[in-house]
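Protein chains: 2
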Amino acid sequence: MTDFTKTRAMFDIPEGMVYLNGNSLGPMPKASPAAMTEFLNNEWRTELIKGWNTKGWFMQTNTLGDRIGKLIGAEAGSVVVSDTLSIKVFQAVGAGLSMVPDRRVILSDTGNFPTDLYMVQGLVKLKEDGYELRTVEPETVIDAITDEIAVVTLTEVDYRTGRKHDMKAIIDKAHSVGAVVVWDLAHSAGAIPVDLSGTNVDFAVGCTYKFLNAGPGGPAFIYVAPRLIETVEPVLSGWYGHEAPFAFTTDYRPMPGKIDRMRIGTPSIASFALLEAALDVWDGVDLNDVRTRAVELMDLFISEVESRCAGVTLAGPRNMDERGSHVSFHFEDGYACMQALIERKVIGDFRAPDMMRFGITPLFVGEAEILKAVDTLEDILKTESYKDARFQVRSAVT
Amino acid sequence: MTDFTKTRAMFDIPEGMVYLNGNSLGPMPKASPAAMTEFLNNEWRTELIKGWNTKGWFMQTNTLGDRIGKLIGAEAGSVVVSDTLSIKVFQAVGAGLSMVPDRRVILSDTGNFPTDLYMVQGLVKLKEDGYELRTVEPETVIDAITDEIAVVTLTEVDYRTGRKHDMKAIIDKAHSVGAVVVWDLAHSAGAIPVDLSGTNVDFAVGCTYKFLNAGPGGPAFIYVAPRLIETVEPVLSGWYGHEAPFAFTTDYRPMPGKIDRMRIGTPSIASFALLEAALDVWDGVDLNDVRTRAVELMDLFISEVESRCAGVTLAGPRNMDERGSHVSFHFEDGYACMQALIERKVIGDFRAPDMMRFGITPLFVGEAEILKAVDTLEDILKTESYKDARFQVRSAVT
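Protein chains in written order, with the numbering used here: chain A, 1 to 398; chain B, 1 to 398.
FYI, nobody ran anything at the bench for these hints, they're computed from the structure.
A few of these clues could be false.
A pair holds if it fits inside one copy or across any two, identical chains being indistinguishable in the list.
[As the list claims (entries may be wrong)] Okay, derived cross-link-like pairs now, DSS-like style, lysine-lysine, Cα gap no bigger than 27 Å in a straight line:
1) K372 with K70
2) K55 with K168
3) K382 with K6
4) K127 with K168
5) K345 with K372
6) K372 with K173
7) K382 with K125
8) K127 with K372
9) K55 with K382
10) K372 with K6
11) K125 with K258
12) K168 with K70
13) K55 with K6
14) K55 with K345
15) K30 with K6
16) K372 with K50
17) K345 with K168
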């Protein structure tokens with residue numbers, strides 16, 4: 001049984017803050033500064049170039065990948081860490097296309113995180129030869145999967161509403177027509193149980209700065225099913241994925257039979273130090289417990305808001321089986337209302353056109369935080385304090 | 001006049017070590033741990049998601065890019081930082097190709113760093129439509145630039161021998177036949193004066209973990225000439241390069257008229273904290289002074305080695321105008337000899353088939369270090385201690 005009192009104590013959250021934005025940027029684990037100091041003073045400073053060997057930097061892409069793999073039901077040796085999620089989407093979709101060379105259509109949905117769509121648009125433009133990104137509404141994806149489709153690329157959990165796709169149903173449909181599926185787990189990894197191996201996923205990608213708490217811009221990861229590794233095209237074929245990176249030959253040869261071939265360039269080792277410390281928090285945590293607790297907290301949050309906050313309405317599905325681990329509410333003056341919440345140390349965020357979004361992350365959020373958030377929201381609405389002019393001013397980055 | 005005593009004191013190099021590998025991984029600036037602690041404790045921990053605004057994270061790609069720009073003769077607003085060098089090569093060459101749509105040949109040389117060639121090989125495979133990477137010997141590049149060539153992509157300084165291309169001559173030739181040039185400045189930025197603006201460069205890319213000392217896997221950078229920014233294709237089109245990243249529209253629109261469009265995904269902010277501290281070392285440093293000092297030190301190093309170390313012969317050009325800021329020597333048992341040097345705290349590295357490589361970095365290397373390195377090498381050769389079996393064992397990462 002996961003001890004959430006213990007996990008809560010492992011985070012350094014500012015006094016008095018209710019942090020409901022771990023779905024966007026996780027808070028700092030208390031162990032992060034010491035892990036970084038160790039890396040700086042006892043690795044980079046003292047080992048210098050030897051650190052690639054002596055401190056294992058060169059293979060941290062894989063050792064960290066395996067630790068993430070355990071949280072998403074991946075086989076050992078099927079996940080590597082590095083680059084950004086955008087790059088990993090490009091790589092996975094590009095690799096998928098090369099597996100279905102006679103087809104030209106990539107299918108996605110309007111609930112996908114925009115950068116996934118943007119990267120595919122760039123890929124389509126680059127490939128020139130009649131490729132097409134087809135984007136449908138989330139509800140119609142499964143029917144849009146036909147034998148014309150080469151690659152289906154979707155984010156499992158909608159970044160706005162929390163709506164969750166039925167991963168297994170979509171994979172089964174895709175495989176039945178010979179299409180490949182790429183899943184973006186940005187709002188899944190560390191949030192909900194994922195079973196990449198059991199559901200027969202082809203490719204998956206994700207990030208570590210949300211529910212995994214590796215810090216702003218923490219590295220991304222990519223999963224390739226072991227059955228595909230031997231033949232998968234790396235697409236972004238850098239020296240770090242070469243069969244013999246230090247032979248410095250002029251011809252690329254992907255690392256045979258290993259996930260290493262999906263590595264590209266030299267990764268940030270400092271960002272790995274933070275990821276390592278962040279993954280330590282997960283030792284002894286069962287994602288089924290996390291999920292059970294998140295559902296309890298989301299149920300509580302929704303029912304309290306619905307009974308006490310008139311004018312605020314739930315976005316996305318009410319059935320928890322169809323929801324990830326965040327809750328959004330429509331509210332006409334949602335932007336200003338979120339600013340008022342933030343001023344009172346209840347931290348969520350705003351997503352256009354009118355959604356106040358709250359991440360429900362049981363590692364460091366409990367009933368007390370949920371109730372304080374609702375109390376604060378109720379008060380802001382009752383006093384109409386959100387109408388204050390200063391809350392209407394949009395910041396550059398929102 | 002640059003004060004090299006002052007810059008030397010800004011690095012935390014282990015006692016007794018002669019570090020001649022700053023061309024591969026720069027040593028840690030003394031200010032790095034405090035900068036990182038500041039980022040962790042007073043940015044990520046306290047600001048959390050707000051840090052993207054309040055601490056300027058979102059635009060550090062550009063503010064840091066401008067600081068690097070000053071070291072390579074770039075116009076303000078023409079450089080952004082993030083991703084890896086491999087990714088930036090792919091992006092720049094891809095962007096170059098889109099500017100010359102009627103041509104199919106990318107020209108490079110065998111002296112290019114292998115990952116540059118690998119990434120282009122991946123790009124060629126991805127584009128399918130008859131594209132070709134043509135690789136010639138470095139000496140024949142200029143003659144191989146014909147009106148068949150779309151993009152010339154080269155590393156200015158050869159990572160093995162230190163041989164330096166004549167950047168201006170190659171650019172002028174390329175432009176005269178309508179080709180675009182992409183320069184890799186991995187061994188140039190912070191090593192030798194570079195004048196991107198004055199020499200009319202189209203694209204340049206580089207890394208920050210070598211002569212710029214931002215730590216292992218520090219972020220890469222990309223330069224695009226201001227005259228090209230309005231029309232350049234981002235190729236890897238991620239949300240971070242969008243005109244309105246927070247509008248979350250489903251269609252990609254590159255940031256108009258700004259280098260921001262070459263940004264891709266969410267960058268590692270921790271790696272930016274290290275880069276920021278590393279760039280502080282460069283305040284008050286004149287790269288012409290660095291170059292003058294490096295030439296003096298290289299001349300000294302070469303003449304001492306040649307007079308005292310029989311069997312060890314210079315690789316690459318003797319004329320310093322044709323050399324970057326590292327010196328390599330051929331030696332039949334070079335691998336073992338380098339291991340013996342490293343054991344005695346003279347740190348260089350080995351490059352196949354037989355080269356011992358030494359970076360000459362005046363920010364923290366002076367005459368005393370050069371002489372100690374030669375003394376040690378002379379002794380190792382005289383005593384033949386490099387023949388010890390333990391020096392023959394190759395490490396996994398070399």
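The hints, checked one at a time:
no.	hint	verdict
1	K372 with K70	neither (34 Å within a copy, 50 Å between copies)
2	K55 with K168	neither (39 Å within a copy, 41 Å between copies)
3	K382 with K6	neither (36 Å within a copy, 61 Å between copies)
4	K127 with K168	neither (30 Å within a copy, 32 Å between copies)
5	K345 with K372	within (10 Å within a copy, 59 Å between copies)
6	K372 with K173	neither (44 Å within a copy, 68 Å between copies)
7	K382 with K125	neither (51 Å within a copy, 61 Å between copies)
8	K127 with K372	neither (52 Å within a copy, 54 Å between copies)
9	K55 with K382	neither (57 Å within a copy, 33 Å between copies)
10	K372 with K6	within (21 Å within a copy, 54 Å between copies)
11	K125 with K258	between (30 Å within a copy, 21 Å between copies)
12	K168 with K70	within (19 Å within a copy, 52 Å between copies)
13	K55 with K6	neither (29 Å within a copy, 30 Å between copies)
14	K55 with K345	between (40 Å within a copy, 18 Å between copies)
15	K30 with K6	within (12 Å within a copy, 35 Å between copies)
16	K372 with K50	between (50 Å within a copy, 20 Å between copies)
17	K345 with K168	neither (39 Å within a copy, 56 Å between copies)
In the structure shown, a violation is registered for the earlier hints numbered 1, 2, 3, 4, 6, 7, 8, 9, 13, 17, in ascending order.
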